[in-house]
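In the order they appear, the protein sequences are chains A and B. Read in order, the letters of the first sequence are residues 56 to 382 in this note's numbering. Read in order, the letters of the second sequence are residues 509 to 904 in this note's numbering.
Hints were generated in silico from the structure; no laboratory data involved. Treat the hints with caution; some may be incorrect.
[To be verified] Quick list of in silico lysine-lysine cross-link-like pairs, DSS-like style, CA-CA up to 30 angstroms: (1) B/K787 with B/K870; (2) B/K787 with B/K693; (3) B/K690 with A/K57; (4) A/K57 with B/K844; (5) B/K844 with B/K787; (6) A/K57 with A/K239.
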Amino acid sequence: MKTLMIIINWINAAVLAGTPLLLATNGEILTEKSGNLNLGVEGQMYMGAVTGLAAAWLTERWFGVGGIIPLIAAVVFAFLMGCISGLIYSVLTVTLRANQNVTGLTLAIFGTGFGQFFGEVLSNEAGGYVTVGAETKHVFGNINFGSLTEIPVIGTLFFRYNWLVYFAIIVAVILGWFLNKTRKGLSLRAVGESPATADSAGINVTRYKYIATTIGGGLCGLAGMYMSMVNQKGIWVTNCVSGYGWLAIALVIFSTWSPLRAIYSSIIFGGLSVMYMRVPIPGMPMAIYMMFPYIATILVLILTSIRQIKEHAQPASTGLNYYREER
Amino acid sequence: MQHFKKLLVILLCALFVFTVVACGPKDPDKTEPVDPSKSEGPVDPGKITLANIKIGFVHVTDPNDMGYTYNHDLGTQKMAKELGLKDDQIINKFNTSEDQACENALRELAQQGCHIIFATSFGFEPHVIKVAKDYPDIEFCHATGFRAQGAWDEGQKNVHNYFGNIYQARYLSGIAAGLKTKTNKIGYVGAFHFPEVISGFTGFYLGAKSVNPDVTMVVKYTGSWHDPTLEAQLAAALIDEGCDVLGQHCDSTAPATAAEAAGVYHVGYNSDMRGAAPKASLTSAIWDWSRYLIFAVNKFVAGEEIPADWHGGIADGVCDISPLNDDIVAPGTADKIKEARDKIVSGDWDVFTGPLVDITGKVVVAEGETFIEPQSAPSWGYVLEGITVPPEVLEG
């Protein structure tokens, strides 16, 4: 029974650790499906993290309300800030045709600085901790499912999460449906595979790239908001994103560019990353535990390249800018 | 498009002209206001006083961490106020990593004319000793390190270590935890399995045990001084194991907020965390670094030797606990803490007093004896009975 409880609690922790990864991974999958390799996820998450917190905190301050309204403000503004970061990337790579790798890395550095800087500005403004009130903390906490939570095993497995966990899974399902079952999704995939072909078929390549990258950025912004509002419980902590943006990029490969596979791969990834805290294996050094998620990523890379399944490969034009004149 | 380019060129030219004009020499009729402090006759360039001393700091993060660096910077500000230093007499280097960047920062501070330099993170020490060799006239003080005495033995007397008996403050904060726990199981979010951390949690545990003989403690490590995400996840793991009070030796407030969300309690480190988690934070073990900074700077200005190794405890005001969260601490906590505090301040008794038995059953401090740290950096490495640490750290 004790072992079972450890495993159940571990799965619960894995889902919680995997949720920001799932949001950011889906954002990056959407971006890469349009042929944009955005390495700036870490920065986008920082921008979302600080904006979400600032929005919630200022809403509480200005309007004197806690709970659902600061929550909506946090979600909306974190998403918008993520969109802006995606737009910056799009303008630079799609319109000005800057190198995608360099732009992405720059965005990562810029966004990290943006987050830390405005985090400090907020701290100075608050004169100490920037922290939201108890009501707002509560709405970002676990949903109250009443007696459902108390069911043994199932309660912990399915009903002890905050709303963003369910939201992230719904987003993944919608994204999977959009990419695979709709005409626009097909067009987007065409843009990512071969923009020249898509262009001759009458698809507006620029528009698709812009919209996909911008919304993808918005999802990364929400992932960042998860780090500050859920993981840190609505308080600004320096380095709160802790490299999860880079993990999300690895996870895109791990889930082989599929939003639905991203659901379980992010849970596996999250589970492996918290494993050392929960599942003691005698004699296993902590450093080895910490390698697990990355070993898994490398294994997936090797397996997919051995099997050579085209659907599991990176969109062919990822990382390359599209010049219409060079067709 | 052509028009646009022309317009752009014109605009840029205008901007250029404007910049040149703006940067030109100021109106010669205006004279700079005379600074009264500068007009008190020529200062002897060889004589360093509080009015012209320059002090450098190298920190591993910035005060925004609301933890270690924040606290150390509070000490800097307090020192500046008490000694009447001006802002331009203090140069801070924040967010310096524990590698070549530290060496560069130290050299920059030396070239900027600092007379005394404080480096505040453990990993800075080898760089401090290396750079100090090149600047024999500058004093280098390093917090938490242990190599200064060795350097002195080799004739390099401008390096110094400083730290404090934080285990005493930990002991007091442990009392609050020991009285509060219902499950008799305390969790501890540690950074590394390393004497500074072990000494801290041992003090914390002994404090809890002094008021609650049945208490046990589980320690887990994040493997980082500052990783808020891991700290939050680790805190959640400890709570899932049944711990209902958490202690911490890591930099962020994540364990406090995680405890609050789960409805359990928390004892902090480095800063008063009641603001971050009003329903969970009982108290914190905190530092007052200004004690040493003032001591060292005064010694320097007086031309006296700063000792190779310095430490102070609660009696010296170097460390203490932050105000208790009266709404949630267990009844009687304040009295118990005062009792223990008086005992420590009196100097007759200290935290590591025997009999103390480690997890293998060996008596590490015999009855009637007291373990006293031989130098400022903690060297206590025994894991006592009742404390669980990850098994793999014991094998290495």
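Okay, the hints, checked on the actual structure:
1. Of the pairs offered as hints, the one joining B/K787 and B/K870 is violated, with about 40 angstroms between alpha carbons and a cut-off of 30 angstroms exceeded.
2. Among the hinted pairs, B/K787 with B/K693 is consistent with the structure: their alpha-carbon atoms are about 19 angstroms apart, no more than 30 angstroms.
3. A C-alpha spacing of about 20 angstroms is found between B/K690 and A/K57, which places the hinted pair at or below 30 angstroms, so the restraint holds.
4. The suggested pairing of A/K57 with B/K844 is violated, with an alpha-carbon distance near 36 angstroms, which exceeds 30 angstroms.
5. A C-alpha spacing of about 22 angstroms is found between B/K844 and B/K787, which places the hinted pair at or below 30 angstroms, so the restraint holds.
6. Straight-line distance between C-alpha atoms of A/K57 and A/K239 comes to about 50 angstroms, which puts the hinted pair past the 30 angstroms bound.
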